[in-house]
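K.L.:
Listed below are the residues making up each chain.
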Amino acid sequence: MATKFSDASPGRPAVTGCGRPSAAQLSWAIAFGVSLGVGIAVLRHLTVPPAARYLLPAVPLAIGFFYLRAMVRDMRRQMDELQLRIYLEAAAVAVGGLFIFLLIYPMLEAAGFVAGLDPFVVLAVMCGLGVTGYLAARRRYR
Amino acid sequence: MNNRLRVLRAERAWSQAELAARLGVSRQTVNAIETGKYDPSLPLAFEMASLFELRIEDIFQPGANGNADGRKISA
Numbered sequence: 001m002a003t004k005f006s007d008a009s010p011g012r013p014a015v016t017g018c019g020r021p022s023a024a025q026l027s028w029a030i031a032f033g034v035s036l037g038v039g040i041a042v043l044r045h046l047t048v049p050p051a052a053r054y055l056l057p058a059v060p061l062a063i064g065f066f067y068l069r070a071m072v073r074d075m076r077r078q079m080d081e082l083q084l085r086i087y088l089e090a091a092a093v094a095v096g097g098l099f100i101f102l103l104i105y106p107m108l109e110a111a112g113f114v115a116g117l118d119p120f121v122v123l124a125v126m127c128g129l130g131v132t133g134y135l136a137a138r139r140r141y142r
Numbered sequence: 001m002n003n004r005l006r007v008l009r010a011e012r013a014w015s016q017a018e019l020a021a022r023l024g025v026s027r028q029t030v031n032a033i034e035t036g037k038y039d040p041s042l043p044l045a046f047e048m049a050s051l052f053e054l055r056i057e058d059i060f061q062p063g064a065n066g067n068a069d070g071r072k073i074s075a
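Chains R and H, in that order, give the protein sequences. Heads up, the first sequence is in my numbering, so the first residue is 1 and it goes up one at a time. Heads up, the second sequence is in my numbering, so the first residue is 1 and it goes up one at a time.
In case anyone wonders, no lab produced these hints; they're calculated from the structure. Incorrect hints may appear among the rest.
Derived, one-sided and incomplete: chain H residues facing chain R with beta-carbon distance under 10 Å [unchecked claim]: (1) Ala20; (2) Ser26; (3) Gln28; (4) Thr29; (5) Asn31; (6) Ala32; (7) Ile33; (8) Thr35; (9) Tyr38; (10) Pro40; (11) Leu44; (12) Gln61.
Don't be surprised by glycine CBs; every beta carbon is placed ideally from N, CA and C.
Could you put together the complete structure from these sequences and hints?
P.N.:
Here you go:
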């Protein structure tokens, strides 16, 4: 954690977290995971009234919104311009790579190389691309 | 872009972490600027100039081969 100096430039708070998630962001992430897990388990294994079938998926959706809000707030407050640039490059690699992957996938499926697309494969590809982009950008500016 | 940040910091016997804290950025950012891998934004350059009590052009000079991104600087 960076030390705060008395003569640090006004209007620019010292970078404190270097992109580490805050307690709020972590809490929303945990709440999201729990609500998702519980919701899936309930919908799969219990008989629930129709109203609950609509309500249960809405809970992680709402929590996900608050998680995203906390994440963006953390980025704004904790990251400086270079860290934001590194994250932006990683996000560009993840989104652009996923875009290309999703466009090519039907061709691979038609050629018989792959089966139907599993959402978790999409998630894994996106995470892999994001981590790769982040490490590459971080290495470039080291 | 070339800069004298490392020299100016050494003259004041500040560590990279200390300078980073004074500027409100991370140590990684100070290091990237010193090594010429990253060019700071104009607001950050102004803050550096203010901190060292110099003009921006006293700290940063255009490099012969363009800026840190490899883009050529037009005259």
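K.L.:
If a hint holds in the structure, say so; if it does not, say that too.
P.N.:
Now for the hints, and whether the structure bears them out:
1. Because the smallest distance between the Cβ of H:Ala20 and any Cβ of chain R comes to about 6 Å, under 10 Å, the interface hint for this residue holds.
2. A cut of 10 Å between beta carbons decides the hint on H:Ser26: the least distance to chain R is about 5 Å, and the hint holds.
3. Restraint check, H:Gln28 versus chain R: the minimum CB separation of about 6 Å is within 10 Å; hint holds.
4. With a cut of 10 Å, the hint placing H:Thr29 at the interface with chain R holds, because the nearest CB-to-CB distance is about 4 Å.
5. Taking 10 Å as the C-beta cut-off, the interface hint given for H:Asn31 holds, the closest approach to chain R being about 8 Å.
6. Look at H:Ala32: its Cβ gets to within about 4 Å of chain R, closer than 10 Å, so that hint holds up.
7. Because the beta carbon of H:Ile33 sits about 8 Å from the nearest beta carbon in chain R, less than 10 Å, this interface hint is met.
8. Of the supplied interface hints, the one on H:Thr35 holds, with its beta-carbon coming within about 9 Å of a beta-carbon of chain R, less than 10 Å.
9. Annotation: H:Tyr38 was flagged as interfacial toward chain R, and the flag holds, the nearest CB pair being 5 Å apart, inside 10 Å.
10. For H:Pro40, the interface hint holds, the least distance from its beta-carbon to any beta-carbon of chain R being 7 Å, beneath 10 Å.
11. Because the closest C-beta pair between H:Leu44 and chain R is about 6 Å apart, less than 10 Å, the hint holds.
12. The interface hint given for H:Gln61 is broken, as the beta carbon of that residue sits about 20 Å from the closest beta carbon of chain R, more than 10 Å.
Against the hints set out earlier in the document, a violation occurs for number 12 only.
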